[in-house]
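K.L.:
Okay, here's what each chain looks like letter by letter:
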Amino acid sequence: MATNRDDAIARMLLKAEAEAFFHREADLLDERRFEDWLGMLAPDIQVWMPIARNIEAGGEQAEFSAEGTDANWLDEGFETLAQRVKQLVTGVHWAEQPPSRTSHMVSNIDLADIEGPLDAPTGLNLRCRFLVYRNRNEDEQDFFIGKRNDRLIRIDDSWRLARREVFLDQNVLLAKNLSVFF
Amino acid sequence: MAAEFNLDALIDSEAGVVSRELFVDRDIYEAELDRIFARAWLLIGHEGLVPTPDSYFVTRMGDDSVLLTRNRQGEIMAFLNSCPHRGMRVCRYDQGAAPVFTCPYHGWSFSTNRERVAVPGQLVGVPRSDEGYGGKLDRVRWGLVPVPRLEVYKGSIWASWDAAAPPLDAYLGDMRRYLDLALDHRDGSPGGAELLGGVQKWRIRCNWKTVAENFAGDLYHEVSHISANLAEIGLAKGKGRRDKLPLRHAIGFEGLGHGGLGFPPSTDPPADLSPDYGDAEINNYFADVHARRVANLQGKAHVNLVVGTIFPNMSFHAHQPRSLAVVHPISATEEEMWRMYLVDADAPAKVKDMLRRYYLRYSGPGGMTEADDMENWTSVTQSSQGNIARRQAFNYQLGLGKEQPVPGLEGGIDSGNYSEGNARIYYRRWAEFMGAADWSEIGPAPAVDAMAAAGAAAAAHGD
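Chains as they are written, first to last, in this note's numbering: chain A, 1 to 182; chain B, 183 to 645.
Only chain A is shown next, with the shape it has when bound in the complex (with noise of 0.2 Å):
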């Protein structure tokens, strides 16, 4: 029977796994092999961020703007990312050419749920504070930070992301455009 010490060692190495997983991410777009991002990707993949709004403290106005019915920053699957990637390498998408230089950070790494017996996790729910630094053309800068919740799963004996909520820290959004990947 294993002891508690036991399930906490499993609980860290499967953060580690994330963590790996996120660093992995990371590498893929800052190199800007998307299409091995896709990769990466459950095919039923959600991606949702939302828009936030300056609301009254306890009122009854939703802050973020509601995914699946609301217009949001994004709201999309994989057919759309897969779209941006494809976007991306034709050369002639004006937002990243020349291609931007990119920074994906994360931190504040906590597993919050596991799906699954322990030993044979079938879902991770994990979440986590982000910075993605874009610098492009000469002077042009963005600091994209803010919260995230992702969902990754397991297809074909490795991990994959499911799901992935972006809670950008901004209300008017402070850059000009979102044609990079969070």
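Some hints could be false.
As the list claims (entries may be wrong) - Calculated cross-link-like contacts (lysine-lysine; reagent style DSBU-like; alpha-carbon spacing at most 30 Å):
hint	chain 1	residue 1	chain 2	residue 2
1	A	K86	B	K426
2	B	K419	A	K86
3	A	K86	B	K421
4	A	K86	B	K534
5	A	K15	A	K147
Stated by the list, open to error - Some, not all, of what chain B presents toward chain A, calculated at C-beta under 8 Å:
hint	residue
6	I415
7	Y523
8	L542
9	R543
10	M556
11	E557
12	N558
As the list claims (entries may be wrong) - Some chain B residues judged to face chain A by a derived CB distance under 8 Å, without partners named:
hint	residue
13	R274
14	Y275
15	R296
16	D351
17	A352
18	Q382
19	K383
20	S409
21	G548
No wet-lab data here; the hints were simulated from the structure. Note that the Cβ used here is the ideal one computed from N, Cα and C, for glycine as well.
Given chain A's structure and the hints, the job is docking chain B onto it.
P.N.:
Chain B only, in chain A's frame:
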């Protein structure tokens, strides 16, 4: 008041030449705030943002924050969002509902409820009123500053700071028929569109006019969207970035400054251009909408449009995508763009979802088409700021001399498919506003009396 400008030296629209100073100069920008944004009709929102009594939405007019609200009696009104006492922002939230607006700084509060006040926006609460003001503070004089002109047209809300502005109907002219395409149901019946929740707001380091001009009728820039076509983001798979359309015409309105890419009036039955969307329910829906459109428009002159601009800073997409946009000026070299999206209120959830996803991958900062526009607009402004660069002119000669009146459209000019005729019309209108002392020098005829004008507009809509 800003300096006087030699408008003839800045704009020669007959020759199709415009100085780059219009897009970078701070004095010109300051004058625009006064001569254009303090006078013209501006889109400030949509009824969907203030759906119920007491609901509010904080909007902008030029560089001012404006509080748009529906009072307890259901009337839509707008006020400068700055406390008359010391200037603090009165409403500090983007949207919500409030029966009374209370300034956080000294606690002055304001109401629009006609059961409480004679004049909406009037002061209803003044801390230490008796002790400090002897109970004699003039509560109307020190109420919220009202926006004097406001009209609602098929859900869209427009306002002007100038009481002498002509009625909205006269200001829009026959461009209104093209705006209808965004606001009406796709089956051709009046109204029927609803606003999706969520207003996108984002900053772009470019001059605001570059955006207005882009949407006013620049088919020539489609070459910049090749990558979105290659990525095949359209609704029908493998079909570019939108459903195939016949070659659009640049149709502008001389003397009004509006323009768009679309088609002249026709009494022919509207063509069904819907492709196979790969889903029976969606295909059936659009086939049904088209059949109703044919029936609704039978025998009537009807128009069609893809994209257009209402002078000075409102643009709209009428079909794919379907949205209203406003370009708010921030400085000579920066603007804040707002985009809101429309769907037919009675469309099935599946259709609404398909359209919403398409809008988001096409438009806005995350849109694969618009993202490239932003790169281009930013570069236009940045690379026109150099000491030598700003002395150069922009060339607007495309299609010069091809202008033809459009039968059935008052003041309508068709300048061909690939044309900058609409930009020439837009900058002539810009010069008219910048050179005029007041509305009596601009036209259409100013409102002699705002109430009489509103009555006339209502009568004109009675047909």
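K.L.:
The structure should be examined with respect to each hint, and the outcome stated for every one.
P.N.:
Evaluated hints:
Distance hint between K86 (chain A) and K426 (chain B) is fulfilled; the C-alpha atoms sit about 21 Å from each other, no more than 30 Å. Restraint check for K419 (chain B) and K86 (chain A): satisfied, since their Cα atoms lie roughly 14 Å apart, inside the 30 Å limit. For the proposed pair K86 (chain A) and K421 (chain B), the alpha carbon gap of about 14 Å is at most 30 Å, so the pair holds. A distance of roughly 26 Å separates the Cα atoms of K86 (chain A) and K534 (chain B); the hinted pair therefore holds under the 30 Å criterion.
Our distance criterion of 30 Å between C-alpha atoms is met by K15 (chain A) and K147 (chain A), whose separation comes to about 17 Å. Contact between I415 (chain B) and chain A, as hinted, is supported at the beta carbon level, the nearest pair being about 5 Å apart and thus within 8 Å. Among the interface hints, the one on Y523 (chain B) holds; its C-beta lies about 5 Å from the nearest C-beta in chain A, closer than the 8 Å criterion. The closest approach between the C-beta of L542 (chain B) and any C-beta of chain A is roughly 6 Å, which is under the 8 Å cut-off, so the hint is satisfied.
For R543 (chain B), the shortest C-beta to C-beta distance to chain A is roughly 5 Å, which falls under 8 Å, so the interface hint holds. Given the 8 Å rule on beta carbons, the hint for M556 (chain B) holds: about 4 Å separates it from the nearest Cβ of chain A. Interface restraint check: E557 (chain B) against chain A, minimum CB-CB distance 5 Å, threshold 8 Å, status holds. A cut of 8 Å between beta carbons decides the hint on N558 (chain B): the least distance to chain A is about 6 Å, and the hint holds.
Restraint check, R274 (chain B) versus chain A: the minimum CB separation of about 7 Å is within 8 Å; hint holds. Below 8 Å, beta-carbon pairs count as interface contacts, and Y275 (chain B) has one with chain A at about 5 Å; its hint therefore holds. Hint status for R296 (chain B) relative to chain A: violated, with the closest Cβ pair at about 24 Å, above 8 Å. Look at D351 (chain B): its Cβ only gets to about 29 Å from chain A, farther than 8 Å, so that hint breaks.
Contact between A352 (chain B) and chain A, as hinted, is not supported at the beta carbon level, the nearest pair being about 32 Å apart and thus beyond 8 Å. Proximity of Q382 (chain B) to chain A holds as hinted, the smallest CB-CB distance being about 6 Å (cut-off 8 Å). For K383 (chain B), the interface hint holds, since its Cβ comes within 8 Å of a Cβ in chain A; the closest pair sits about 5 Å apart. Satisfaction of the interface hint for S409 (chain B) is found here, the shortest Cβ-Cβ separation to chain A being roughly 4 Å, below the 8 Å cut-off.
Below 8 Å, beta-carbon pairs count as interface contacts, and G548 (chain B) has one with chain A at about 4 Å; its hint therefore holds.
Of the numbered hints listed earlier, those contradicted by the structure are 15, 16, 17.
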